[in-house]
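Assemble chain R onto chain B, guided by the hints.
Chain order of the listed sequences is B and R. Residues 7 to 116 (this note's numbering) are what the first sequence spells out, left to right. Residues 42 to 279 (this note's numbering) are what the second sequence spells out, left to right.
Honestly, the hints are just simulated from the structure, not real lab data. Heads up, some of the hints might be wrong.
With the Cβ distance kept under 8 Å, some of the chain R side facing chain B (calculated, not the full set) [unchecked claim]:
id, residue
1, Thr112
2, Ile114
3, Ile137
4, Pro205
5, Met225
6, Met262
7, Trp271
For every residue, glycine included, the Cβ atom is placed at its ideal position computed from N, Cα and C.
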Amino acid sequence: MTEIETGTLWTVIILLGIGSFGLRFVFTGLVGDRAMPPWLLRHLRYTAVAILPALVAPQVVWPVATDGVFDVPRAAAAVVTLAIGLVTRNVILSILCGAGTLYGLLFVMA
Amino acid sequence: MISTTRKNYYLQGVVASSPFILVVVPFAALFGVLATEAGLDLVETMAFSIVVIAGAAQFTALQLLQENAPTAIVLLSALAVNLRMAMYSASLTPYIGAAPLWQRAICAYLTIDQTYVVGVSRYEAEPQMTVPQRIAFFFGAVTPIVPLWYIFTLIGAIAGARVPDSWALDFAIPIAFLAMIAPMFRTPAHLVAALVAVAVSLPAAMLPYSLGLIVAGIAGMMAGAQTELWLARRGEVA
Numbered sequence: 007m008t009e010i011e012t013g014t015l016w017t018v019i020i021l022l023g024i025g026s027f028g029l030r031f032v033f034t035g036l037v038g039d040r041a042m043p044p045w046l047l048r049h050l051r052y053t054a055v056a057i058l059p060a061l062v063a064p065q066v067v068w069p070v071a072t073d074g075v076f077d078v079p080r081a082a083a084a085v086v087t088l089a090i091g092l093v094t095r096n097v098i099l100s101i102l103c104g105a106g107t108l109y110g111l112l113f114v115m116a
Numbered sequence: 042m043i044s045t046t047r048k049n050y051y052l053q054g055v056v057a058s059s060p061f062i063l064v065v066v067p068f069a070a071l072f073g074v075l076a077t078e079a080g081l082d083l084v085e086t087m088a089f090s091i092v093v094i095a096g097a098a099q100f101t102a103l104q105l106l107q108e109n110a111p112t113a114i115v116l117l118s119a120l121a122v123n124l125r126m127a128m129y130s131a132s133l134t135p136y137i138g139a140a141p142l143w144q145r146a147i148c149a150y151l152t153i154d155q156t157y158v159v160g161v162s163r164y165e166a167e168p169q170m171t172v173p174q175r176i177a178f179f180f181g182a183v184t185p186i187v188p189l190w191y192i193f194t195l196i197g198a199i200a201g202a203r204v205p206d207s208w209a210l211d212f213a214i215p216i217a218f219l220a221m222i223a224p225m226f227r228t229p230a231h232l233v234a235a236l237v238a239v240a241v242s243l244p245a246a247m248l249p250y251s252l253g254l255i256v257a258g259i260a261g262m263m264a265g266a267q268t269e270l271w272l273a274r275r276g277e278v279a
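Okay, chain B solo, but in the shape it has when bound (with noise of 0.2 Å):
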């Protein structure tokens, strides 16, 4: 790894910065209380329970913190807090058990 330059960062944090503005104001700024059509809605409603799962998969079976190797504890954690949150719909629970499930089993492994 080496230093990263002052003016690369600069550049990289003021247009990431536009461009990420840029995105989440692009329907609710420009297309504002305008009707979107029923097929557009109907995809829309589906936008979280998709696009969360997706970005979280990959990290539960290739975890970066091991460098992409299937990890027990960390898939374990992630199943446990799935299944408490399906069965009793309280997202702080979830996260204490998932939390308990990777540390338990972090310990219990090392």
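Below, chain R without anything else, positioned relative to chain B:
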């Protein structure tokens, strides 16, 4: 009267998003730690978190900057990770699109995974909410989250490299997201959307520039929409 109900919705937003404090605190601190390890000073680290305010994209950009990737690739990859924000924006539009432009601009800046999920799941559950009530709820949802994002980036940056790997902070994000989505599986269509997204995301992870996430997300959304249509048709026939 209107102001009391708005205040009420604001407070409900605060309560609804407060569990995610548990997520944002380690996530923000982790960014502060990693940015400091990468050689960023306090001002640079804080500017990153305040200007970009998108954890996953910040981690992506930081990683690629350290690898000396070309600036255009750093930007494209981090924005690809953030493309889901455009989908969030689209998904929020039917609910808050009628709000004044300045409120929509503030909401856009404050749209992150946690505030989006908290907001949209409430809007879906309570369709009769007015637009000012929705905005009040959203601002409430932001209140316990975003200031802590800044503060714990700073604390992480000051703590620097003293956080041991054994804390496994890397996995705070997956656990948080899984806990957030579990209560959203209200219909078979939601379940199908998630299963298809997961199934596509694993092979699609090989695509360059984080495009796999977008491909898998769109596949999941299409699967959810088609399941909804199919269930509706079956309901009409039965």
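Right, here's what the structure says about each hint:
1. Thr112: holds, 6 Å
2. Ile114: The hint is violated - R/Ile114 has no Cβ within 8 Å of chain B, the shortest such distance being about 11 Å.
3. Ile137: Holds, because the Cβ-Cβ distance from R/Ile137 to chain B comes to roughly 6 Å (cut-off 8 Å).
4. Pro205: It is violated, given that the least Cβ distance between R/Pro205 and chain B is near 12 Å, above 8 Å.
5. Met225: Cβ of R/Met225 sits 5 Å from chain B, so the hint holds.
6. Met262: holds, 4 Å
7. Trp271: Where the cut-off is 8 Å and the nearest Cβ of chain B is about 12 Å from R/Trp271, the hint is violated.
Violated hints, in rising order: 2, 4, 7; the structure is consistent with all others.
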